[in-house]
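Q: Each chain, written out:
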Amino acid sequence: MDLNGYSTTGFYDELITDAGQPRPAAIPLMDRLFELEQGEIQQRQRAAERALFESGTTFNVYHEEQATERIIPFDVVPRIIESDVWDRVEEGLKQRIQALNHFLTDIYGPQHILQDGTIPREYVDLDNPTFQKCMTLHPPRGVWCHISGIDLVRTDGDEFYVLEDNLRCPSGVSYVLENRRVLKQTFPRVFGSLPIRSVDDYAEKLLATLEHLAPRGIDRPQTVVMTPGIYNSAYFEHSYLAQQMGVPLVEGSDLIVHDGFVKMKTTQGLQRVDVIYRRIDDDFIDPGCFNPDSALGVRGIMDVYRSGRVALANAPGAGIADNKVIYAFVPKMIEYYLDQEPILPNVETFLCGREADCTYVLDNLDQLVVKPANEAGGKGIMVGPHASQAERDAYAEVIAKDPRGYIAQPTLSLSRVPTVVDEQLEGRHVDLRPYILYGKDIHVLPGGLTRVALRKNSLVVNSSQGGGTKDTWVLAQNGHATE
Amino acid sequence: MLLSRVANSIYWMTRYIERAENIARFIDVNLQLSLDQFTPSSDPWGPLIDVTGDRAAFDELYDSTTRANVMRFLTLDRRYPNSIANCIALARDNARTIRDIITSEMWQQINAMHITVKRAADDVIREDRPVDFYRAVKEGCLLFSANTDATMSHNEGFEFCKLGRMLERADKTSRVMDVKYFLLLPDAEDVGGALDTVQWAALLRSVGALEMYRQVHGVITPGNVAAFLILDRQFPRSLTHCLEQAQGALVHITGPHNGHSTAVQRCVGRLRSQLQFSQIDEIIDFGLHEYIDDTQTQLNKIDEAIDKAFFRFTPPAEDIFAQQSAQMQQ
Chain A
1 MDLNGYSTTG
11 FYDELITDAG
21 QPRPAAIPLM
31 DRLFELEQGE
41 IQQRQRAAER
51 ALFESGTTFN
61 VYHEEQATER
71 IIPFDVVPRI
81 IESDVWDRVE
91 EGLKQRIQAL
101 NHFLTDIYGP
111 QHILQDGTIP
121 REYVDLDNPT
131 FQKCMTLHPP
141 RGVWCHISGI
151 DLVRTDGDEF
161 YVLEDNLRCP
171 SGVSYVLENR
181 RVLKQTFPRV
191 FGSLPIRSVD
201 DYAEKLLATL
211 EHLAPRGIDR
221 PQTVVMTPGI
231 YNSAYFEHSY
241 LAQQMGVPLV
251 EGSDLIVHDG
261 FVKMKTTQGL
271 QRVDVIYRRI
281 DDDFIDPGCF
291 NPDSALGVRG
301 IMDVYRSGRV
311 ALANAPGAGI
321 ADNKVIYAFV
331 PKMIEYYLDQ
341 EPILPNVETF
351 LCGREADCTY
361 VLDNLDQLVV
371 KPANEAGGKG
381 IMVGPHASQA
391 ERDAYAEVIA
401 KDPRGYIAQP
411 TLSLSRVPTV
421 VDEQLEGRHV
431 DLRPYILYGK
441 DIHVLPGGLT
451 RVALRKNSLV
461 VNSSQGGGTK
471 DTWVLAQNGH
481 ATE
Chain B
1 MLLSRVANSI
11 YWMTRYIERA
21 ENIARFIDVN
31 LQLSLDQFTP
41 SSDPWGPLID
51 VTGDRAAFDE
61 LYDSTTRANV
71 MRFLTLDRRY
81 PNSIANCIAL
91 ARDNARTIRD
101 IITSEMWQQI
111 NAMHITVKRA
121 ADDVIREDRP
131 VDFYRAVKEG
141 CLLFSANTDA
151 TMSHNEGFEF
161 CKLGRMLERA
171 DKTSRVMDVK
181 YFLLLPDAED
191 VGGALDTVQW
201 AALLRSVGAL
211 EMYRQVHGVI
221 TPGNVAAFLI
231 LDRQFPRSLT
241 HCLEQAQGAL
251 VHITGPHNGH
261 STAVQRCVGR
271 LRSQLQFSQI
281 DEIIDFGLHE
291 YIDDTQTQLN
301 KIDEAIDKAF
311 FRFTPPAEDI
321 FAQQSAQMQQ
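Chains as they are written, first to last, in full-length UniProt numbering: chain A, 1 to 483; chain B, 1 to 330.
Next comes chain B alone, as it looks inside the complex (with noise of 0.2 Å):
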């Protein structure tokens, strides 16, 4: 039993550490990528805004897609919504109401490494070894999955850290996979031609999915890539993964038949099975950007459907009609 109002901070708390974690490693990949000399692109930091999907609040605020700007509007810029100092901050301020509900351990881990960005401010960007910094972010934020799983009791609201978290990251999944494809492969026809394995190589590691690739798949080839992403079962940010745990959370949530969530077990469990019935040939056949997209729109609709569902409280409308009619009564 949780008020509506905290499993709606929970929720958030961690999509936010799950999203500034997601950045983070973006940042790192490409930073390493960029000093690769062979790398094919003219625009290496391009394609990094066009993940996030908010490549018109990157234009308002910068008129160039240098290396510079981008890292700043992506870690420390205050000003956009989504930046890793936002997300943390926005994460710390849901915790913040919620310090009754998650442990010791949680929230000082919050607080920990929104005291380490406030302090790094500039400095990432100009100095020598930015990587240490987006490290720290990376390992922050996954230790506090790892402090939610290990001091949180497993019960409703640790269901909702799982469900956002998971949400979260099919997202970022789907986005990371779509910009690259759609960039690399602006023709449907062109998968399965000459492709630049450095690039692909590039995204697996993006997602942390290069070595577990490797062991399943061997040598990258794009139909391998989407299907190890998007079907793969047993990989932790695979979209087919992440819907599974998230439906499960959800379970967890509502039981099994509970009519005040229907709307959302049919939204996520519509996506699952979706996934789960799918062929990569079928989805290179359906365009893989069209299948992403349609997975987008589900994915939002799903986190409609939970709002609905557990955080915006109407009463029930029986109650409703007693209340009115004690009203008339009196």
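Just chain A, with the same shape it has in the complex (with noise of 0.2 Å):
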């Protein structure tokens, strides 16, 4: 296997130069890749996609009369992120979440960032009946976004972008934690050459972060993993999460409100539970406050919540900070709560609700990305330039209808990493999700889920769309393989 043939032109690629040699940080991964036979990276890959269909890595597609499970394509090639860049990108997502957690309580609370118009009072959506509900509530160490996933870009070699922050459910962690284990036994002599930050602690630190906001006087508090069930698309995360952390996955029916406390039904009888990390939308966690058809919830769990003697992560309400409105206006959260330079920029972002912003989304819909504000997993976004006119006409109806629940970005060339295609190496535009625990401290993975559209030319990385994922390695300062 060797470059010949691998063009970088036009993107940035994040392990080969524009000269076509390998940067610094990627030679030991390249050296072995070019000592491969023929034929042997295929077979690589076929025993590192056979390594996690064997152990159940799967996701749950639904199509015709059955649901059949799948792995999420993988790609060997992992993608680099050198220490001094990734220190970087860490400071920025923990200043970044800081100032999203200041926004929440804030919001929630005496509104100072409208009442002197930081952020127009229009742009956030007070009347929402679910931050109506959670108007009142304090979250136990004030601590509202405990576990988020921000989305990042790279479209040079100088810069992270962020593209969008996922504060309700993110997912996607536990085939961060696969991949490790699966591209370690594909590659474990390159592992041996580089000095690779260790993800293994993340189910510690999740486990910690949880514990943490137990109610006062407990030593050990019961936690529990609570999914909406078997059929949901990340179930197989939701039960890989307790059982790293050992801790009971539930549904709603295993759960009951009962002498004010929430408690689980055991062979034993009833038990307490203190802790609950929830894996389904504020809608349906209880039928008695929000959705009332919700069957996956259970009733009365909101009261015990506000009373304080279970705590929920990550707090209901918390969505309301993770709007792509609300994302426009993250720098200037940064500086107004934090007093500091936003250190990870923000994508240039236009809001529909604002007139000359409209206008000109309007008049160049061919050039941007348009997105749902309130969306997220990529629904109803429409990329311009891939779009046909009658498409970009319907949908600028669409906008003209509500122009606040739409924003539109450019189209970014987000960078590429080499992927394995046929018997060769291509490059295929990738993205990031590191994820981000907010606990005593706040803690970063290092790395995160590299999400990659495995199509030629594609921009689309979502899992739903044909995407993969590839490991991240991010290196340690030279000799601290581990910290």
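Bear in mind the hints are in silico, worked out from the structure with no lab data behind them. This one's a predicted model, so the numbers in the text were calculated from it and none came from an experiment. One or more hints might be untrue.
[As the list claims (entries may be wrong)] Think about it this way: if two alpha-carbon atoms lie no more than 25 Å apart in a straight line, the pair counts; the simulated SDA-like pairs of lysine to any residue are:
id	chain 1	residue 1	chain 2	residue 2
1	A	Lys205	B	Thr103
2	B	Lys308	A	His258
3	B	Lys118	A	Asn232
4	A	Lys184	B	Thr103
[To be verified] Short derived list, chain A residues pointing at chain B, Cβ under 10 Å:
id	residue
5	Phe53
6	Ser55
7	Gln243
8	Val247
From the three backbone atoms N, C-alpha and C, an ideal C-beta is built for every residue, glycine too.
Two independent chains are provided; combine them into the complex using the hints.
A: And the structure:
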């Protein structure tokens, strides 16, 4: 295997310079790839996929009559991030998550940031029923967003940009951990020659973050992971995290509110639960408080939460801060609450709710990516340059009807990483989702989920739309492989 | 301390694995037996359907008990809830809901078996050497048990594994004995008469008991076979052994004195002491078939009692009362 014919033209490549040489950090990996005989890389690729399939690292896909389980396509060539670059990213993420948490405390309390007009009142959906119901809540230890995933992209060698904040139930961390396990089997020698920061302590850190929230005076709090159930597409992750933390995985029907506490139904009767890592959306968590039709949640759980006798992570209502309109104001929040310059820049964002922005967006739909403000998982996005005139026209009407519900961003030239295609390497676009835990202090998992658009020239990295994943290697300073 | 739903899944996961193993054993033995030209029975595959107790389900789907039909029905037919393929799929479904409780070794073993069975498809029946397939299933199930013993903490969840495995095994041993007995000896007074040793040996082999039987009793006689499979305390598939193990698991789960589960303890204790104080002559006088029939009824009662005590959660009565009075005060 070699780099003959490998093109970096037009895009920043994470591993290869414009002159066609491996970047210094990528040299041991590339040397190893060049040693491989014809066909060997595919063999390793298949072995890695088999290992993921056999360990059941799958997600559910629904079509026709049967649900099938699939692995998320996985590419064996990792992405490598140098130590100093990562340190800056880590600082930036900590700063951002702190600001977002301040914002949540403020917005559900005195609303200073709205009072003084730093964020115009009309951009926050204050009438939203979920928002209203969370108005008087005080999450334990003042933390709202315990587990977040912040999507980053790179367009050149200098800077990571924040593309999106995910504060509801960000998923994917299980793939980070499993990808690493499998890649260690795939390239054991390269791991020996590079100081790659370990991700293995994530479950430990997550458990500590959750236990930190427990009602005071409890020695070993009973912590659980709450899942919507086996048919949820992220079910693997829910059970994986519960298993890794050694805590029960519960469904709504396993819990009951009894004597003012949340309890679980066990073979020995009812047992009190102290901390719930819920992987179920606000709307479904308590039919008595939010969506009355939900069969997934637990009636009365919000009352127990309000009285401080159970902790929920993430805090109900935290999702209001990962709205794509609010996203545009996060740099301002950092200045406002922390009195600091933002370390990680936002992508330039046009708010259709502003008249001038809206006009610009409608005039330039063929250049822009337009997104609904309050959707997640790539839903409802229109990539202007790839859409037909008819699609753009239809979208323009939708925007005109509800301008405040949409934002637009320039089409980015996402960086690329060499990816195995047939017998050789080709550049494919990637993004990056690091995971941030906010407990006693803030911990950033070194690396995160690198999602890769496996189709040639595609910018879409979502797994539901043909995206795959790669392992992400964050290097430590030389000689400090595991910090 | 275990979620009721999880305890239910553990129990059924192990029961389904044990069931798959037993079916594979029966078929494997029958395959070898049917190759023997001295086989006396004209319908060597029909009894296998009777062992399952699902004759009606078979008749609805197939018109005759040919080798291919019976093998397909018991091995791969997804329309039949207790086929090997379904048992393993159900075991895996249960395992998926309790991935956080079982070890990765247990999960990977179930998952690997599921993949093997899915890939096997119809090849098993057409193929020249189906024996390899059934051996793989048996070994896969045993590997699951071994992984359970060796990697899972011997905690409450583990005891539910044991409970499920032992009750399923008791059920299958009693069924195989009943069917063979019933087919071969419709009249109780024939016991002790001229018998086809090949068939009785096959019966022993189908529950993996031939060598161990020989060590204890030597020559094959129906009374001794029945005594061995019902009363032998040391043989791991005998009814007595299974019930003793199940009772032990139950004590671990509930502790010796727990009002919550006395009904289960009573059911298991009753059957166990009945076995403990039985003599084979009495059993034969009573009628082997009748005795086994009664055992099966009791096994079903145990299963129901377990379901009620551990899986179907109802809040304790005084708590409901407390809730009601709290509501009235509001």
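Q: Check each numbered hint against the structure and report the violated ones by number, ascending.
A: When the structure is compared with the hints, none of them turns out to be violated.
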